[in-house]
Amino acid sequence: MKTRPLQYVALLGVAAIFLGPLYWLLSTAFKQPAEIYQWPPVWWPDQLTWENFSLAWKAAPFDRFFLNSAIITVAGTVLKVANAVLTAYAFAYLRFPFKKVLFLLILGAMMVPGHVTLLPNYLTVASLGWINTYAGLIIPGIGSAFATFLMRQQFLTLPSEVTDAAAVDGAGHLRTLWRVVLPMSRPMLITVVVITAVEEWNNFVWPLIVTNTAEMRTLPVGLLILKDEEGLANWGTIMAGTLLVLAPMLLIFLVAQRYIVGGITQGALKG
Amino acid sequence: MLTKPADGALTRRRREYGLFALLVAPNLLVIAVFAYWPILYNAFLSLTDWNMIAARPTFVGLSNYRRTLTDPAFHQTLWITIVFTGLIVAGSLLIGLALALLFNLPLKGRGVVRTISFAPHILSGAAVATIWLFIFDPGYGLVRALIEPFGSEPPDWMNNSDWALPGLVIVYLWKNAGFTALIYLAGLQGLPKELDEAAAIDGAGTWTRFRAIKLPLLAPITFFLLITTVIGTFQAFDVIAVMTGGGPGDATTTLSWSIYKEGFQAFNAGRAATLSIVMFVILLIVTTVQARVLERRVHYR
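Note that the protein sequences, when read in sequence, are chains G and Z.
According to my numbering, the first sequence is numbered sequentially starting from 1.
According to my numbering, the second sequence is numbered sequentially starting from 1001.
Source of the hints: derived by calculation from the structure; they are not laboratory data.
Nothing here was measured: the structure is a model prediction, and the numbers come from that model.
Among the hints, erroneous ones may be present.
Unchecked claim - In silico lysine-lysine, BS3-like type, Cα no more than 25 Å apart, as pairs:
{"#": "1", "chain 1": "Z", "residue 1": "LYS1214", "chain 2": "Z", "residue 2": "LYS1108"}
{"#": "2", "chain 1": "G", "residue 1": "LYS2", "chain 2": "Z", "residue 2": "LYS1214"}
{"#": "3", "chain 1": "Z", "residue 1": "LYS1193", "chain 2": "Z", "residue 2": "LYS1108"}
{"#": "4", "chain 1": "Z", "residue 1": "LYS1193", "chain 2": "Z", "residue 2": "LYS1214"}
{"#": "5", "chain 1": "Z", "residue 1": "LYS1108", "chain 2": "G", "residue 2": "LYS2"}
Unchecked claim - Derived CB-CB ranges, DEER-like:
{"#": "6", "chain 1": "G", "residue 1": "GLN266", "chain 2": "Z", "residue 2": "VAL1112", "range": "18 to 26 Å"}
{"#": "7", "chain 1": "G", "residue 1": "LEU254", "chain 2": "Z", "residue 2": "PRO1138", "range": "29 to 37 Å"}
{"#": "8", "chain 1": "Z", "residue 1": "ALA1025", "chain 2": "G", "residue 2": "VAL42", "range": "55 to 63 Å"}
All C-beta atoms, glycine included, are put in the ideal place defined by N, C-alpha and C.
My request is simple: use the sequences and hints to build the entire structure.
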């Protein structure tokens, strides 16, 4: 087979295309400014330095951006996943009139493109007095349709004896959920948590319009501000800031990669 | 004596209803206020003229629609959106399928490369855009380093109205091809092996087997990816915001950027709402087509 070596060349090429930009980011962030502006470019930095990071920190309050991003990601993820789990449990195990219609109403939210809701939601949040607050950043995003769908599908696969037995034992529904249903759904729960957290962290347009002071900005929005302030003259500083935005998600990706991949393919193949 | 058990069943049912309502209410409330209400609110605002400072919007009837639909700038925006979406959809599907076929070969390290190619999909669009701004930098960017040895000069990508849009497309493809590859790969691995093997025994070549067996069987996945990529690309915002801000001129002003521009830069609520309704209707048509096709598939199965 003469094609095999060619296939390996293609595989290496693909790896280079997707890793190249990330290596370019990483090496620039740690290069000395003089090396960034050398031509031909320095592929392997002579000496690594943290200088770009302290410059980025000086140019914009990255500690504050980081804190805000962390608060929004944690609170937003907890609330959204709680919504998904509780709603899914109710639809999977409890009786209620017009349950089917209600479920379609929740799933129907997936047909509303988020971008279309920006202006009305901004006005709603403004009338609630939530502009430039954590509530304004977090609350509009905690409604859950897709994650609810995934969790309900998962709950319906559990053997009914498990929940029946727990109910006979006199365990309340919330105890059943916490002690039996959730532990048995761990992989799906992790998938939902990770995918939600990634979305919250990366969210850009909503934090951009709902905040208006540097103290309330999140990392992705802060990056735009850093870029606008530095112009395009100081790539070391900007790349250091970019790395700060990316690093936590890259870490999560390395650790939880199989959950993300599993959840995304499942959503696609079932949908 | 006889009524007691029925009573018990009734209270149990009532308590179940109560618990159901309690568990579902928060989610339903947020969805109602922040997903459904905005559609009605947009519809109302689109009939008004409002700078968001005046105490209340002025009712102007359909004049926003009349003005928008006859505005050459809007036609250009729509055209740019279609070109942008078309290129990204076609590119994502072609590259994704090619990558999936590659990752489906028995090669060492294919799992790692698959993971690497998927990574950009979960990274912040704003950050990815910033990296590519530097890559496209005509002075010290990676692109210059790659094409200079061939004797070419790099364009000033993001400041050149001919290059800005293709530049954005490249970035979105880099970010999304790994995702489509992942979905296609899952599809390829789920295909029945017997058909392929039987065709191989009958002497069908690799290309024939791909075109006559794999591609048709992958059609549902292609369709799913087509729809989700169209919906996603229509709303593409972060990369545009960081890399071009809709410029130079209006060269990269897509529908999603123009909604932001009208609403949050020009403070023209009526126009932004009108454009939002346009986007909503277009994407509603897309999802309805999807629902119809899926229904038919289920029927004929």
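Starting from LYS1193 (chain Z), check that the Cα of LYS1108 (chain Z) is at most 25 Å away, please.
Distance ~21 Å between LYS1193 (chain Z) and LYS1108 (chain Z) Cα, so the pair holds.
State, for the Cβ atoms of GLN266 (chain G) and VAL1112 (chain Z), whether the hinted interval 18 to 26 Å holds or is violated.
22 Å, holds
Just tell me: holds or violated, for the beta carbon distance of ALA1025 (chain Z) and VAL42 (chain G) against 55 to 63 Å?
At roughly 59 Å between Cβ atoms, VAL42 (chain G) and ALA1025 (chain Z) fall inside 55 to 63 Å, so the hint holds.
Agreement of LYS1214 (chain Z) and LYS1108 (chain Z) with the hint, judged by alpha carbon distance not exceeding 25 Å:
23 Å, holds
Below or equal to 25 Å on CA atoms is what counts here, so check LYS1108 (chain Z) against LYS2 (chain G).
16 Å, holds
Would the hint linking LYS2 (chain G) and LYS1214 (chain Z) be met if the CA-CA limit is 25 Å?
24 Å, holds
Do LEU254 (chain G) and PRO1138 (chain Z) keep their Cβ atoms within the hinted range of 29 to 37 Å?
34 Å, holds
Would the pair LYS1193 (chain Z) and LYS1214 (chain Z) pass a check requiring their Cα atoms to be no farther apart than 25 Å?
Roughly 10 Å separates the two Cα atoms, so the pair holds.
Comparing the model with each numbered hint stated earlier shows that all of them hold.
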